[in-house]
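**Student:** All chains should be modelled from the sequences, with the hints used to inform the complete structure.
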Amino acid sequence: MSSYNGDMQLFSENRRARFDYDFIETYRAGLELEGHEVKSVRSGKANLSGSYALIRGGEAWLVNADIPPYQPKNAPKEYDPARTRRLLLHKQEISALTGKLHEKGLSLVALKLFGEKGFVKIELALARARNKKDKRDALKKRATEREMRS
1 MSSYNGDMQL FSENRRARFD YDFIETYRAG LELEGHEVKS VRSGKANLSG SYALIRGGEA
61 WLVNADIPPY QPKNAPKEYD PARTRRLLLH KQEISALTGK LHEKGLSLVA LKLFGEKGFV
121 KIELALARAR NKKDKRDALK KRATEREMRS
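Take 1 as the starting number for the sequence shown in my numbering and just add one per residue.
Don't take each hint at face value.
Stated by the list, open to error - Distance ranges between label pairs, derived from CB positions:
{"hint": "1", "residue 1": "Ser43", "residue 2": "Lys77", "range": "13 to 23 Å"}
{"hint": "2", "residue 1": "Glu116", "residue 2": "Arg83", "range": "20 to 30 Å"}
{"hint": "3", "residue 1": "Ser150", "residue 2": "Gly58", "range": "44 to 54 Å"}
{"hint": "4", "residue 1": "Gly57", "residue 2": "Arg146", "range": "24 to 34 Å"}
Rather than coming from a laboratory, the hints here were simulated on the basis of the structure. These numbers come from a predicted model, not from an experiment. The beta-carbon is built from N, C-alpha and C at its ideal position, and this holds for glycine as well.
**Tutor:** Below, the structure is given as structure tokens:
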């Protein structure tokens with residue numbers, strides 16, 4: 001379900017990404033969706049796990065985001081829930097991201113889908129993947145912080 005926070009409404013979140021990646025920068029982008037996809041996202045059916053963004057041909061694309069049809073029996077025949085969707089970013093942001101994504105080990109990960117002023121937006125993070133040791137260290141650090149609070 002979606003939760004409401006001020007004028008921003010959260011539709012979906014990729015919680016696993018916070019565990020698997022170290023974030024360097026975050027970006028907000030618009031999302032080019034079809035009408036029935038917007039209704040599906042607003043009803044909280046979208047899934048961002050495993051989704052990421054690519055820069056191809058001077059445009060940004062969201063890959064592997066699963067948005068099932070709002071009404072499955074009424075969906076278009078050729079509808080693909082995991083289709084590649086175009087992201088709406090400024091040219092300056094796209095050119096800056098293109099340079100940064102060529103660095104080894106960096107990727108653009110989808111964090112959350114939210115509504116802002118009536119539009120569906122996505123938050124992306126320029127991130128570096130954590131290895132197993134980093135993940136273990138993060139868990140230990142979180143456990144010690146929890147013990148200190150109680």
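**Student:** Evaluate each hint against the coordinates.
**Tutor:** Verification of the supplied hints:
no. : hint                         : verdict
1   : Ser43 <-> Lys77: 13 to 23 Å  : holds (22 Å)
2   : Glu116 <-> Arg83: 20 to 30 Å : holds (23 Å)
3   : Ser150 <-> Gly58: 44 to 54 Å : holds (52 Å)
4   : Gly57 <-> Arg146: 24 to 34 Å : violated (46 Å)
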